[in-house]
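If you read the sequences in order, they're chains X and W.
Mapping of the first sequence onto our numbering: position 298 corresponds to residue 298, and the numbering continues sequentially without gaps.
One gets our numbering by counting positions in the second sequence from 1 and adding 379 to each.
These are computed hints drawn from the structure, not numbers from a lab.
Treat the hints with care, since some could be wrong.
What the hints assert, rightly or not - Subject to a maximum C-alpha distance of 25 Å in a straight line, what follows is the list of computed BS3-like cross-link-like pairs (lysine-lysine): (1) K156(X) to K347(X); (2) K294(X) to K347(X); (3) K221(X) to K682(W); (4) K508(W) to K171(X); (5) K129(X) to K550(W); (6) K27(X) to K69(X); (7) K178(X) to K24(X); (8) K69(X) to K156(X); (9) K129(X) to K737(W); (10) K27(X) to K129(X); (11) K24(X) to K535(W); (12) K221(X) to K600(W); (13) K171(X) to K550(W); (14) K535(W) to K735(W); (15) K503(W) to K685(W); (16) K303(X) to K403(W); (17) K305(X) to K294(X); (18) K27(X) to K508(W); (19) K371(X) to K303(X); (20) K122(X) to K356(X); (21) K685(W) to K221(X); (22) K600(W) to K306(X); (23) K221(X) to K406(W); (24) K600(W) to K305(X); (25) K535(W) to K503(W); (26) K129(X) to K684(W).
The structure displayed is predicted, hence computed values, not measured ones.
2 protein chains.
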Amino acid sequence: MENFIAYNPTAIHFGKDVINEISKIIKLYGNKVFLIYGKGSVVKHGYYNLIVEKLIKAGIEITEYSGIKPNPVETDVREAVEVGINNNVEIVLALGGGSVIDSAKAIAVCIPENLDVWDVVKSKVVPQKALPIFTILTLAATGTEMNPYAVIQNHKTNEKIGFGYDLMYPKHSFLDPKFTYTVPENYTAFGIVDIIAHAFENYFGYGESPLAERFVASIVKESIHYAPLVLKEPDNYDYRANIMLQSTYALNGTTVIGKAGGDWGVHNIGHILSLLYDTPHGASLSVAYPAWLKLMSNKIPEKIKKLSELIFNTDDIDTFINNLEFFFRSINAPINLIEAGIGYDKKNEIINLMKKNKVSGYNYSFDDYEKLVGLMYGS
Amino acid sequence: MENFIAYNPTAIHFGKDVINEISKIIKLYGNKVFLIYGKGSVVKHGYYNLIVEKLIKAGIEITEYSGIKPNPVETDVREAVEVGINNNVEIVLALGGGSVIDSAKAIAVCIPENLDVWDVVKSKVVPQKALPIFTILTLAATGTEMNPYAVIQNHKTNEKIGFGYDLMYPKHSFLDPKFTYTVPENYTAFGIVDIIAHAFENYFGYGESPLAERFVASIVKESIHYAPLVLKEPDNYDYRANIMLQSTYALNGTTVIGKAGGDWGVHNIGHILSLLYDTPHGASLSVAYPAWLKLMSNKIPEKIKKLSELIFNTDDIDTFINNLEFFFRSINAPINLIEAGIGYDKKNEIINLMKKNKVSGYNYSFDDYEKLVGLMYGS
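Looking at chain X on its own, in the form it has when it is part of the complex (with noise of 0.2 Å):
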């Protein structure tokens, strides 16, 4: 077991119709709202109006920036700290899933002191205050809504980048699996990639604890057992309860107690694509992963059988990705690239900002891209 700092200051309000309460711990922090959110479906499917009712009743004074994209990038950042110090706003509140989660949190950091949001990312400055923020998530994958962490693109340099500060708790967050109804099946699916992606890289992160290890198997199974439930009723509030929590703690800390941190090479793949091509975060995921295995089966073949006995029982590596295949296929999610929608020609792409951005994973590192791009192809 490795030496760990366990520490998460985050509150959750966990189920139906916590929202009510939202106002009368707004006030707490202060009164002018500084109101985060995407590209409108939160504003479609009536939570804006909600929220937005609410704040008012309350005397809350509401700025709003929107249109975070759902992978989100610096420019928006940069222009959402302008508007915030131009309104003076005291409290940032994301409404919506991972991106404006992600966005909101650098968002804070950066007004205080109106820094750049790139050299927060890039760790060139290091914050040192920041506005409290409030999430409420529309969205159950990236776990965002109880850690410090947030991942944000840049088209310029053609990065994107996970980074983390303390200071970047939120310090409520409001998680009613009712928000999540409307989320679209692709949407859903790839939310349950990401909350398996979670728990595995923590798993494979530096460092054997085998409690963390048995909390990383207990969210796979019961994200593998809530999958096809919630995409057959996509409105059962037990099944978007059940995956919604799973989603939290597979990134709360939780599953990576006793150890050093997560490995996040298959991240780091993923972020590729999704800089070249936009693909979803959790279907880059549902690409990389398989392909990560198999090209990491001969090398930590004991570390790999572990976790397939945690979860299937078996301690044949094939047999555990070939299940994992067969799960992420059946909910839709691709398992290659060519179901992903990206063709062969792009293949030198892909590998040439893989050498660039020098991908790898903070626990095992790889760098035979040639090869891991050739089985994401399928081959």
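Starting from the known structure of chain X, fit chain W onto it as the hints suggest.
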């Protein structure tokens, strides 16, 4: 799934030599430490000297209160509060196991407004302030190092009561598994019983949460795995570290997500034995759990079967209880009152105090004390 709030602001510093950071962190909160410890085992084994040297070297002032009993009493807390107030202490630092930390938590909420501890325990007064609480754990058992709960007993009223306030979350807890090498065999075993009992109490709480239930099983399986190893080799770092981690996570909120709370009926039974005969907490639980399961086996068979399946892969309740008794016996924890040194002549005394204190669970109620105590005698 039930509505719930997940919130735990305690920072856990886990691993080898984490104590080296303590002075630096304490000084962020003040300079006058109130050091609370027990009956001298921390002195005998050198932990006291190690800590005090570090604090003095950093220029931190120390006031002390020692002599906290293994089943902590309200009179010690009251005395300590007076000492703390008279010395203007700014920070409470607990060095010890559950009883020391629980007392320190009560001391920390009583000092700022000079509250009476029993008013706080009985929620007659709700504390509004607390001194910052630091803990250095020397016994893996209660999980108090990362939760807002404490249990204090009162020999005048013959009550042993658990209570909790958010103000009682420790700010920082330091968990070096090496500090538990010197725990004697019986208390190591009783600690493991307590870990399992906490996981079970949460399992039997109100609501269905499949993920939480898998987390429960994860902890119990790992405790059962590591128990014989650590008892055979008490100074093995890895074994002690795993038990310590299980202990913290059994009762830091992780095993009760998606539920309305734990049951705590078995703890309430155990408290009667500690009150009357000073039975060690863990020993009271290894007596009470099998009896309670037998009592409940006709009332909630499906709930017990599910737990049995998750842990022992069998839905036979008798096998489950037999396995549990076999395990407790294998680590020399008593599984009936006779083994705990409590003769048949005490039967009515136990039943009478159960009646007086209205012993029951928050989720599953019971009042057939005659039958229960009979089962606790192994009949």
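So, going through the hints one by one against the coordinates:
1. K156(X) to K347(X): Roughly 21 Å between the alpha carbons, so the hint for K156(X) and K347(X) holds.
2. K294(X) to K347(X): Between K294(X) and K347(X) the Cα gap is close to 18 Å, so the pair holds against 25 Å.
3. K221(X) to K682(W): Judged against 25 Å, a Cα distance of about 20 Å means the pair holds.
4. K508(W) to K171(X): Given pair K508(W), K171(X) holds - Cα atoms ~20 Å apart, limit 25 Å.
5. K129(X) to K550(W): Answer holds: K129(X) to K550(W) is near 20 Å, not above 25 Å.
6. K27(X) to K69(X): violated (29 Å)
7. K178(X) to K24(X): Holds, at roughly 21 Å.
8. K69(X) to K156(X): Given pair K69(X), K156(X) holds - Cα atoms ~16 Å apart, limit 25 Å.
9. K129(X) to K737(W): violated (51 Å)
10. K27(X) to K129(X): Given pair K27(X), K129(X) holds - Cα atoms ~20 Å apart, limit 25 Å.
11. K24(X) to K535(W): violated (42 Å)
12. K221(X) to K600(W): Holds - the C-alpha atoms of K600(W) and K221(X) are around 17 Å apart, at most 25 Å.
13. K171(X) to K550(W): holds (16 Å)
14. K535(W) to K735(W): holds (14 Å)
15. K503(W) to K685(W): Violated, at about 39 Å.
16. K303(X) to K403(W): Roughly 38 Å separates the two Cα atoms, so the pair is violated.
17. K305(X) to K294(X): Satisfied, since the Cα-Cα distance of roughly 12 Å is no more than 25 Å.
18. K27(X) to K508(W): Roughly 21 Å between the alpha carbons, so the hint for K27(X) and K508(W) holds.
19. K371(X) to K303(X): holds (21 Å)
20. K122(X) to K356(X): Since the Cα atoms of K122(X) and K356(X) sit roughly 16 Å apart, the hinted pair holds (cutoff 25 Å).
21. K685(W) to K221(X): With Cα atoms ~16 Å apart, K685(W) and K221(X) stay inside 25 Å; holds.
22. K600(W) to K306(X): Cα-Cα ~16 Å, so holds.
23. K221(X) to K406(W): Status violated; Cα separation ~44 Å.
24. K600(W) to K305(X): holds (19 Å)
25. K535(W) to K503(W): holds (18 Å)
26. K129(X) to K684(W): Answer violated: K129(X) to K684(W) is near 51 Å, above 25 Å.
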